[in-house]
Amino acid sequence: WLTWEAFAQAQYDRIQQIDLRLLAGTGPRLRLVKTDSAQLYFGALYMFEHEESRNEFEEPEAFTERLFLDDHRLSTYLSTGLRITSYLTINHVTYFQPNLSNFSDFRISSETSLSVKLTNRLSLRTYFQLIYDTAPLVPVPNAMYVLNNGFSLVL
Numbered sequence: 013w014l015t016w017e018a019f020a021q022a023q024y025d026r027i028q029q030i031d032l033r034l035l036a037g038t039g040p041r042l043r044l045v046k047t048d049s050a051q052l053y054f055g056a057l058y059m060f061e062h063e064e065s066r067n068e069f070e071e072p073e074a075f076t077e078r079l080f081l082d083d084h085r086l087s088t089y090l091s092t093g094l095r096i097t098s099y100l101t102i103n104h105v106t107y108f109q110p111n112l113s114n115f116s117d118f119r120i121s122s123e124t125s126l127s128v129k130l131t132n133r134l135s136l137r138t139y140f141q142l143i144y145d146t147a148p149l150v151p152v153p154n155a156m157y158v159l160n161n162g163f164s165l166v167l
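For what it's worth, my numbering labels the leading residue of the sequence shown as 13, then goes sequentially.
Treat the hints as calculated values from the structure; they're not laboratory data.
For clarity, every value in this text was computed on a predicted model and none was experimentally measured.
Don't take every hint at face value.
[Said to hold, decoys possible] Quick list of the computed label-pair ranges, beta carbon to beta carbon:
#  : residue 1 : residue 2 : range
1  : Ser122    : Ala20     : 14 to 24 Å
2  : Asp48     : Val150    : 39 to 49 Å
3  : Leu165    : Arg95     : 16 to 26 Å
4  : Ala74     : Pro40     : 42 to 52 Å
5  : Leu165    : Asn67     : 19 to 29 Å
6  : Ala36     : Val128    : 14 to 24 Å
7  : Leu81     : Lys46     : 16 to 26 Å
8  : Gly162    : Gln21     : 19 to 29 Å
9  : Ile102    : Phe19     : 28 to 38 Å
10 : Thr146    : Tyr99     : 36 to 46 Å
Heads up, the beta-carbon is just placed ideally off N, CA and C, and yes, glycines get one too.
Could you put together the complete structure from these sequences and hints?
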């Protein structure tokens, strides 16, 4: 019911002007529910974040400002997986990540995926992600979202 987890992640996001974001963290994960058709987990982890971004300007003349950030954050999450039927599953996770030195600087990220099994090997998948950052390193919108539809093939 209680496990310890660790993670590392590298990220690039052209739209948010992030050239490199490195994340690493560790902490406990608590299993709240586990049945044949549902699971629910809660995690509270320490996370270190290193970000390299660029602020691109076009007016009055084109130039790029390079920005760097190192932060210590709490990364809490609630994760659930539901098997509705033998062919329909829903997975969801929400993260709340406040800066440990300034709790008003936080991120909320919510990810939901819906998978419909079409055959034993082929599924239709819809994925939605919403990210809200109170203090992005460069002046980009505070809220961003992604919606993907696609197929998943098991080989």
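Comparing the hints with the structure gives:
| no. | hint | result |
| --- | --- | --- |
| 1 | Ser122 - Ala20: 14 to 24 Å | holds (22 Å) |
| 2 | Asp48 - Val150: 39 to 49 Å | holds (46 Å) |
| 3 | Leu165 - Arg95: 16 to 26 Å | holds (20 Å) |
| 4 | Ala74 - Pro40: 42 to 52 Å | holds (48 Å) |
| 5 | Leu165 - Asn67: 19 to 29 Å | violated (40 Å) |
| 6 | Ala36 - Val128: 14 to 24 Å | violated (35 Å) |
| 7 | Leu81 - Lys46: 16 to 26 Å | violated (37 Å) |
| 8 | Gly162 - Gln21: 19 to 29 Å | holds (22 Å) |
| 9 | Ile102 - Phe19: 28 to 38 Å | violated (23 Å) |
| 10 | Thr146 - Tyr99: 36 to 46 Å | holds (40 Å) |
Checked against the numbered hints above, the structure breaks hints 5, 6, 7 and 9 and satisfies the rest.
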